[in-house]
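Asker: As given, the protein sequences belong to chains F and L, one line each in that order.
To convert, note that position 223 of the first sequence is 223 in my numbering; the numbers rise steadily by one, no gaps.
Numbers in my numbering are just positions in the second sequence, counted from 1, shifted up by 1000.
Treat the hints loosely; a few may be bogus.
[Said to hold, decoys possible] Calculated Cβ distances over 12 Å to all of chain L for the following chain F residues: (1) E145; (2) K192; (3) D349.
[Claimed, not checked] Listed below are the simulated DSS-like cross-link pairs for lysine-lysine, each with C-alpha atoms no more than 27 Å apart in a straight line: (4) F:K477 / L:K1033; (5) F:K239 / L:K1063; (6) F:K465 / L:K1018; (7) L:K1018 / F:K512; (8) L:K1078 / F:K477; (9) F:K386 / F:K507; (10) L:K1033 / F:K239; (11) F:K477 / L:K1053; (12) F:K239 / L:K1018; (13) L:K1063 / L:K1009.
If you are wondering where the hints come from, they were derived from the structure by calculation, not from laboratory data.
If you're wondering where the values come from, they're calculated on a predicted model, not measured in any experiment.
All C-beta atoms, glycine included, are put in the ideal place defined by N, C-alpha and C.
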Amino acid sequence: MPQPENVAAQLLARNLARCPDKAAYLCGDDTLTHRALAADSARFANLLRARGVGPGARVVLVLPDSFAYPKAFLGAMLLGAVPVPVSAMLAPADYAFILADCAATALVTWEDSPAAEGARGVPETEVVLFCGLDGPWGLSAQPTEFEPVLISDDAAAEASDGAPGFMLYSSGSTGRPKGVPHAQADLLGPAKPWGSDILGVTTGDVLFSASKMSFAYGLMSSLTLPLFFGATGVLFPGKPGPYELFEAITRHRPSLFFCVPTLYNLMLRAFEPGAPGFDLSSLRLCYSAGEALPLVLCQEWLRQTGVEILDGIGSTEAFNLFLSNCRGRVRCGASGEAVPGFEARLVADGADGGDEASPEVPDGTPGNLLIRGPGLARAYWNRPEKTAETMLANGWLATGDVYVREHGVYTHQGRSDDMLKVGAHWVSPVQVEDALRQHPAVAECAVAALRVEGLLRPCAHVVLKDTTQGLGQDQAKLGAEIIRHARGLLPIYMCPVRVEFHTDLPKTPTGKIQRFRLRSA
Amino acid sequence: MAVTGVQLKAMLEEIGVKAEVARAVDPAGPLLKQGLDSVDFPAFCALLEERYKVRLDDEAALKLRSLDDFAAFVGSAKG
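This is chain F alone, in the form it adopts within the complex (with noise of 0.2 Å):
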């Protein structure tokens, strides 16, 4: 039987040993090396104790990427505690919710920010760390000796009930969003088949990822892949807008980077070529994941830059790139084949998803994904019912994308829910709903995906109140108030795009909105 490992503990110590001096991070002008990861690693272990945190307890982490982020990651799980990587554009109200939903024991956050001030209303979260780029005030106090607890697999996997290793969270289609608990061997799952088959990662690599450590795709590339293959990553704690991606890789220099299709766009409309600024010579390969990257996109990206772009989808349960294209025979505007580890099946519309003698749909025919393969969660937190609906008998995970496969290559055909990817955020059309029916003039509202450049927008499709409103000039001016209306409310790539006027919305018998078919994709 293997002997249980501190995941943490085992990333750390294995980089001392072999490059202890080499830049384990790169942020701004400052180098983060692996020596000083380890000992600010074991320092954030001794702060969490000295402060009350002990294995098992939730640590939900809101950072802006720096070196703080792994600092506070790795010290976290040295302590057996768990830690909840959280996006840094929720409102309070979301972190409210997400930290009452773990019954975390501790924040990891800046001062003043949204997250603290959800805090605040939540009785069980009764630490919080104010942090800088670097770290929390009084880091360097602690020693930078820690014996790390050691988690069994057996107990991490008992998601619901016993500890998780790490959790991220999800948007959910009723827009709250769910807990995914991992084991802590699942931070390494996406090493070998991604990492290595696919990437081709090795220890001279430098990788920069324009997705957070928050999410699934940014932690993956950001931590799981410079610190198993003893590499090194740039971490960006602005807003990744073109410009400033482009800056950061002619500073860097990194070898592999990772970013999402709707900045791929933005950054070919921003490249110069030749132009101080831009240079791209450092570059061996970009991933695109989050969303289906265009073909044209993916196209145009290799013309003007001679860079490859391999598209793939992965996902949050899955912590793990499952479907992918390869180096050399990218098929652009598919996601490619299964990865290496990874079963993949397409069944039809109502099929037993977890029965395998149930019949997978033909070649050219679209299906529901589902897959099967190591390190998948077992259960959402807390979420009885969603887990049922998601993580099927024998190991299968349905996806809720609809795909078509054909020779092995898969195409992404949309999803089978009302879920939109927009710029590789989850969006609810529920939340943006609920902030749009806020709007004084708005008796109903729905929304649903808009088809622009071959990326996916939310559209709100709007019933007004007073229905002479909403005519000729009138209408074009609602419609910008409206979207103000919602910029004020919801994160940015929630905001609906344009505004479809209607005298009433698609419905079935029973009076619910058919969203499906306002969709033009």
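Following the hints, put chain L in place on chain F, whose structure we already have.
Answerer: Leaving out everything else, chain L in the frame of chain F:
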């Protein structure tokens, strides 16, 4: 039909760009350098397609960076 910079700036306001930002836009400069973000850009493309009954195919759209680019595109598409 010529499309003017004034019309396009008014359309920026229509998609929710703040009036002071839209009015200050230099028609020759890249919009992404002048305060437009990842929501504004697709919103502007979608409105342009609807208003001028033109089709921005993905490849053409990627080359349009400034208001002048958009005006020239609409002008040539409308013949």
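Asker: All hints, please: hold or fail.
Answerer: To see whether the hints hold, each was checked on the structure:
1. Distance check on F:E145: its Cβ is at least 46 Å (rounded) from any Cβ of chain L, clearing the 12 Å threshold; non-interface status holds.
2. Interface exclusion of F:K192 from chain L stands, the closest Cβ pair being 33 Å apart, more than 12 Å.
3. Annotated as non-interface, F:D349 keeps its C-beta farther than 12 Å from every C-beta of chain L; the closest such distance is 30 Å.
4. With a C-alpha separation of about 25 Å, the suggested pairing of F:K477 with L:K1033 holds against the 27 Å cut-off.
5. With a CA separation close to 24 Å, the supplied pair F:K239 and L:K1063 stays within the 27 Å bound.
6. The hinted pair formed by F:K465 and L:K1018 meets the criterion: a straight-line CA distance of about 26 Å does not exceed 27 Å.
7. For the hint pairing L:K1018 with F:K512, the CA-to-CA distance comes to about 36 Å; that exceeds 27 Å, so the pair is violated.
8. Restraint check for L:K1078 and F:K477: the C-alpha separation of about 26 Å stays at or below 27 Å, so the hint holds.
9. Proximity of F:K386 to F:K507 is assessed by CA-CA distance (about 25 Å); at most 27 Å being required, the pair is judged to hold.
10. About 14 Å separates the Cα atoms of L:K1033 and F:K239, which keeps this hinted pair within 27 Å; it holds.
11. Proposed proximity of F:K477 and L:K1053 is supported: the alpha carbons are some 20 Å apart, at most 27 Å.
12. Our distance criterion of 27 Å between C-alpha atoms is met by F:K239 and L:K1018, whose separation comes to about 20 Å.
13. Taking the CA atoms of L:K1063 and L:K1009, the gap is about 19 Å. The hint holds against a cut of 27 Å.
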